[in-house]
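Enquirer: The primary structure of each chain is shown beneath.
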Amino acid sequence: MKVLPMFLVMFGLIAIELPVAFALIAAALAWLQFASPVPISLVVQRMSSGIDSFPLLAIPLFVLAGNLMNVGGIATRIFDFAVALVGHLRGGLAQVNIFASLIFAGMSGVAQADAAGLGTVEIKAMKREGFDAAFAAACSAASAIVGPIIPPSVIMVVYGVLAQVSISDLFLAGLVPGFLIGGLLMLTVSLLVATGRAYAPVQPRANAKTLRRTFVRATPALMAPVILVVGLLSGVATPTELGAITVVYAAILGFAYRELTWRRLYTCLGDTFVTSGVLVFIMAAAVPFGWAIAVNNVPAQLSAWLLEITTSKWLILAMINVLLLVVGCFMETTAILLIAVPTFLPLILQLGIDPVHFGLVIILNLLIGATTPPFGVLLFIVQDIAKVSFGAVVRAILPFYIPLAIALLMITYWPDLSLWLPRMLK
Amino acid sequence: MDPTDLVLARWWRLLEVIGRLERLIGVLLLSTIVVSITVQVITRYLFGQPLVWVEELAGYCFLWGVFLGAAVGMKELRHIRIDTFVSRLSARAQALWRVLTWGIATACCVIIAVQAWDIMDVESRSRTMSLPVDLPRHLFYSTPLFVCTVSIAFTGLYLVCAELARAAHTRPVDAEQARQAREQAAAEADAEADAIAERIASGARAAEAAGSSVAQAGQGGEDAR
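Line by line, the protein sequences give chains F and R.
In terms of this note's numbering, the first sequence opens at residue 1031 and continues consecutively.
In terms of this note's numbering, the second sequence opens at residue 105 and continues consecutively.
Don't read these hints as lab results, they were simulated from the structure.
One or more of the hints may lead you astray.
[Unchecked claim] Computed, partial: chain F to chain R, Cβ under 10 angstroms:
(1) I1081
(2) L1094
(3) A1315
Treat the numbers as computed from the prediction; the structure is a model and nothing was measured.
C-beta atoms are modelled at their ideal positions from N, C-alpha and C, and glycine is treated no differently.
Put together the whole structure using the sequences plus the hints.
Expert: In structure tokens:
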């Protein structure tokens, strides 16, 4: 493989703490300069056009919607409703934590927003009730994974553009697996508490009046995911358009609740602009790198090599899963996706695996990578909120890897789990 | 004040002003995207007539927004990097290490900026498609890329110099301090919100019957620690 040095240079540059985007650019530029006759300008020309795609506009829109929901006091309302609904179950606020994340996932598109916004409310409430801070942090990190599985999802937009798959299909495919993961996590909490591995005070069962009151208070917020899912199911608008509608809806709600001010709106817009700029810039930065992979026929060589070992698609999916889980421990999610999708997709298509199904597998896999040490973005966020050591959070999250692994296996080996909903609508 | 320190402080203030300007433009671009797409959906359903140029307009706003956002991200040190071993080095070694990494980043951006400058000429021959005004394409492709990489390189060069100054006579880097101040302010706002929530919660607890099992369990947990 002629491009192997390029990969090594990229990993080396990331290891010396060069920001990921520049590591991708530097490795590709060095390779083009020294190992390829192609002029650099040819590749630079593609950097802008590489991110000129209407579906990608959904990224800032869904990041903004999540930010607006966070400042607009919606997280608290959802949390109160979840307390009234599931607070009396074994596990108390730990169950509430996961359940609230499921609802919040329907409005927010990035796991980081889920962990940072709702996570703050959840972890504080759990600490106040006497939960172990590390356990509270672990629950929030594990449940934040559901955020990008249940639509909307920024990472699905990135995958959809890379793999040229319908983003609506991907969004719909995530619904059932998302709830499955949520259910498995709630079951785990229940088992942990039953076996005495976690201390969890239980909330009193809410009476019908409280339930109704919190539900009414949360209804406008709950409408946001309903609008999105109805929009997707009926196909009246593209995901990008639904993103804009969600933003407008969230802003109106924020102003109606009197939590949002013009000043906060400006901060939110500015913050979203930088967050999504930095994120999508990685996509532009990966264009020269991806181009070098493609012109060197890496996907074809890799396919030939893997197909020599085995032709079973289940075995190959297992190998890809293991490889990505290992890489996911050390690398940033978007960067892996940008390299892995063009590399593996031809092989996946050749084996007759549905790219939508593969998308769910790879996305869940990489999200699990975001909760594993040494580089786990979600762990850093919850650790910071809960004010506990990194080691403590890692120990507390260990039992949650079991349901997450089960979910990954189920999604990998049961394609219909994710595919039946988008298929039904065709 | 040492003359080099003065230059660095001025340089940083200039970068802050540029960053604020870029942020303002970014907010306007993002607002345009939201408003234009929403309006398009409304006109399509209410008047049955889609506005053809909206997608193109929003797409150009997006391109400019992404590249300006990346430029601001450089000033706020928000480009994602993976922390490995550098924090374990001595302060001086850390500063010299950052000189190396920021130097690489700056060099990359200079190379791309030069290329983007050359491409502009070729790209200007193709025009916008559905916008009501006829504009050359490079305004939305190579120009934002050029502006972004120049801005990042300008910041990167500052960071290289600032880290060099820190290595020489341990002058703190303004960009680092600004980031720490931002994080500090966020933590304080957080603690304040926490205190308010705590007061509300304890008030609610007092209002309820004092012997509620929840309050006891909560208290028990706190006592145990």
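Enquirer: Which of the listed hints are broken here?
Expert: none
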